[in-house]
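K.L.:
Make a model of the complete structure from these sequences and hints.
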Amino acid sequence: MLETFLQFLFSGITAGAIYALVALGFTLIYNASHVINFAQGEFVMIGGMATVFLADAGWPIWAAAPLAVLLAVAVGVALERLAIAPAREASTVSLIVITIGASILLRGLAQLVWDRNFHTLAPFSGEEPIRVLGASILPQSLWVLGGSLLAVLALGWFFGRTLLGKAVIATAHNRLAAELMGIETRHVMTLCFALSALLGALGGVLITPITLTSYDAGVMLGLKGFSAAILGGMGSATGAVVGGLLLGVVEAMGAGFLSSAYKDAIAFVLILVVLVAVPRGLMGARGAERV
Amino acid sequence: MIRRREARRGGLGALAAVLLVLPFVLPNTYYLNVAILAGLNAIACIGLNLLIGYAGQISLGHAAFFGIGAYVSAILTAGQGWPPVLALLAALVLNGALAFAVARPILRLRGHYLAMATLGLGIIVAIVLAQEVRLTGGPDGMPVPPLVLLGWSPPGEAAWYGIVAVLLWIAAWLSLNLARSPIGRALAALNASEIAAATAGVDVARHKSLVFVLSALYASLAGSLFAHYAGFITPAKAGFLQSVELVTMVVLGGMASTFGAVVGAAILTALPQIFATFHEYETIALGAILMGIMIFLPRGLVPSLARLAGRR
Amino acid sequence: MSLLEVQSLSKTFGGVAAVAEVSFELEAGHVHSVIGPNGAGKTTLFNLIAGAVRPSGGKVRLDGADITGLAPHVLAERGIGRSFQTPQIFAAMSVAENVMVGRHLRLDRRLLPSLLGMPAVDRANRAARERAQLLLDQVGLGQEADRPAGGLAYGAMKRLEIARALAGDPRLLLLDEPAAGLNPTETAEITALIQAIAAAGVTVVLVEHDMRLVMAVSDHIIVLDSGRKLADGTAAAIRADPAVIAAYLGQAQ
Ligand SMILES: Nc1ncnc2c1ncn2[C@@H]1O[C@H](COP(=O)(O)OP(=O)(O)O)[C@@H](O)[C@H]1O
Ligand SMILES: [Mg+2]
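Residue numbers (the working numbering), protein chains in the order written: chain A, 1 to 291; chain B, 292 to 603; chain C, 604 to 856.
The set of hints was computed from the structure by calculation and includes no laboratory data.
Do not take every clue at face value.
[Stated by the list, open to error] Below 25 Å or equal to it, Euclidean Cα-Cα: the simulated SDA-like pairs (lysine to any residue) are:
hint, chain 1, residue 1, chain 2, residue 2
1, A, Lys263, B, Ala527
2, A, Lys263, B, Val393
3, A, Lys263, A, Leu9
4, A, Lys166, A, Leu149
5, A, Lys263, B, Gly453
6, A, Lys263, B, Leu426
Computed from a predicted model, the values in this text were never measured in an experiment.
P.N.:
Put into structure tokens, the structure is as follows:
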């Protein structure tokens, strides 16, 4: 019993770490611009697919992966500069449609540039499972956990310790005040899209050896990331991480103990229950709006 | 007010004229088929526009009601031998009840949280439809018997076109009537400021429920008809991408514009058909066009163009 | 008997007492004012009475009936109307339509006739439109009826809110800083408007910083400070109250 439980826990945490990265990407962009970027999952897809195709072309993984992440970052920057910035005045729903258009466009490009098949990537350090208390962990899971942890710590350092990070936070809190203080909020927006693409693509690189990837792999991952961000409370970075892990674990437990066919449904039932109980997510801002 | 009433009459007249002329200018049944599909989407979108456009409540799960309509019609006619019209009505009742049941808890949520909840609801429905294989045929879908109205079955595309055109026109008429009634004003009011609407005496929760149920009924009707017309349905019709497509149609055509919903549905149904010949580029073009329109005409096609026309 | 009875009404926001144990009674047909420095809890008091915010404690009675914690639309039905400190207008609608929403409770709101566009709905709309025009004329916005409300100047928005509230035929009208941001001419118009409303039998409660306006129209003044009621009485009594002078009037002059 304990073994099975641990087994599900490990796989849940692994998936949850990726959800957390995608959720953090959502949070970053949301805080800087109040845009929900529905192309977030496509960053994950680009990270995975680009690494696969570079590796197939003979590149070593240590070169292919960073290059793939860089490609996603370039796409993120292009998205912000070419589509989001010119539409600053548009309503929330219009902005949502723009990012949906971007995600459709990116999927189309991926089909054209790459293909419509499923692809996998060799695990970074072999496939020999590591035994822990009777359960087994794939070495790749450790890569996922380690990589995600590192990313979260780096992000924390960036926002807590660097001037640029503080400029981003200032912009998120009060755009006008930040501008008056001389912060170029335009660049802050671009930076947030770049960082968010970086996080997503990193997740894509790390998870592909476990889950396979394809041109449309980003759709479900994007949805799960969005769910995790909402679960934690949109705008809260801690909430994004907690929401991601919680979602991954509940999903894995549900799939293992209840019904694997309804794995995805369980995740969404959880979110509905949480939202009905706590309308702003677990760690979202409290308090009613004032009149 | 007067001007607006005339615009509404003129719009309904123009819609009738277009619907009448269309079958004569479309070169062949293939295009008629596209027009029928566009019409069915338009019916769903008119309903969704009441919710998103007028009341300002986003739903990213509306295809669920379309899908339930389609599957209830399919299951009751194919499996239980119900007459299609009765099955269609049963689907309306079921969808109405479901929408009513979830409306209050879900529509308390706002903005992105509401988007998430409706999205989740839609995905859950799509998953159930895909997993209950014995009832629904699973992910591969199920066949649906043809539509029969009082012993008469639409013999071909032309007859189907007629049915869809009439229903579409009625759907638009009802929506426009509602929009200018006190209920419609209450919806627009709660869209702008819930607290001000409530202070003016609008029961916000009740109006949100009402419009949610109405929009679910529109989608249900479109879904049931689609099932019979296509003769085959799959759970993908209830899925997330389908929901996104419906929202996109509404926003593209123009929020809070009944005719905008029709135009958006027509364009987004026809576009993929036009690009189908360059299959490789279809999704790219679709994505690029969506982004382009929303960047350059953020209010959507019909309101933006109406403004341009008004300025001249 | 008094129209509104407020008894030990309290509201805390995360530990901060915005309104603390406030009690008073409002006599029907009079103009009452609530004054106090910024953050004293005046708007919160309105929110509590009109149902926008649920009290943490205490009771509100309207005509002797307990209305504590009822929803805003129910209170509107009971005859409470209000305007907001920051205008909450329906920007995308015309000025007249804003007022017609205020008439919501008096109109035919059945679903089927609305969907079918039956003549009854048209008649209701026409009557509401005519009524809206009268009210807009009364607040000086008659010329703007068909303009989009979002394009109005700040002061005009505040007057539009009064017209919208009046459209519901309230017995009790709460006005939150109706003269804020107005020039002296407009303030004089608002003063006359408030007096006219009161003369028509509506009980008015005014939150206002303009002391000349307050003193000119009020039969009764309540002074709040840091959520507590400091004093409560006629204009003359308030003006002479040493505690009030120290806490509020003293700084203003
Ligand atoms: N929705 C709210 N959430 C938290 N604090 C609030 C809220 N509304 C009011 N407050 C606080 O309550 C106190 C009273 O505010 P308010 O009623 O607006 O005062 P006034 O209208 O007299 O200026 C203030 O300290 C304010 O910050
Ligand atoms: Mg105030």
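K.L.:
Would you mind marking each hint as holding or not holding in the structure?
P.N.:
These are the hints, each one checked on the structure:
Under the criterion of a C-alpha separation no larger than 25 Å, the hint pairing Lys263 of chain A with Ala527 of chain B is consistent with the structure, at around 17 Å. For a cut-off of 25 Å, the pair hint linking Lys263 of chain A to Val393 of chain B stands: about 22 Å separates their Cα positions. Distance restraint check for Lys263 of chain A and Leu9 of chain A: the Cα-Cα separation of roughly 14 Å lies within the 25 Å cut-off, and the hinted pair is therefore satisfied. Straight-line distance between C-alpha atoms of Lys166 of chain A and Leu149 of chain A comes to about 21 Å, which keeps the hinted pair within the 25 Å bound.
For the hint linking Lys263 of chain A to Gly453 of chain B, the alpha-carbon distance of about 43 Å lies beyond 25 Å, and the restraint is violated. For the hint linking Lys263 of chain A to Leu426 of chain B, the alpha-carbon distance of about 20 Å falls within 25 Å, and the restraint holds.
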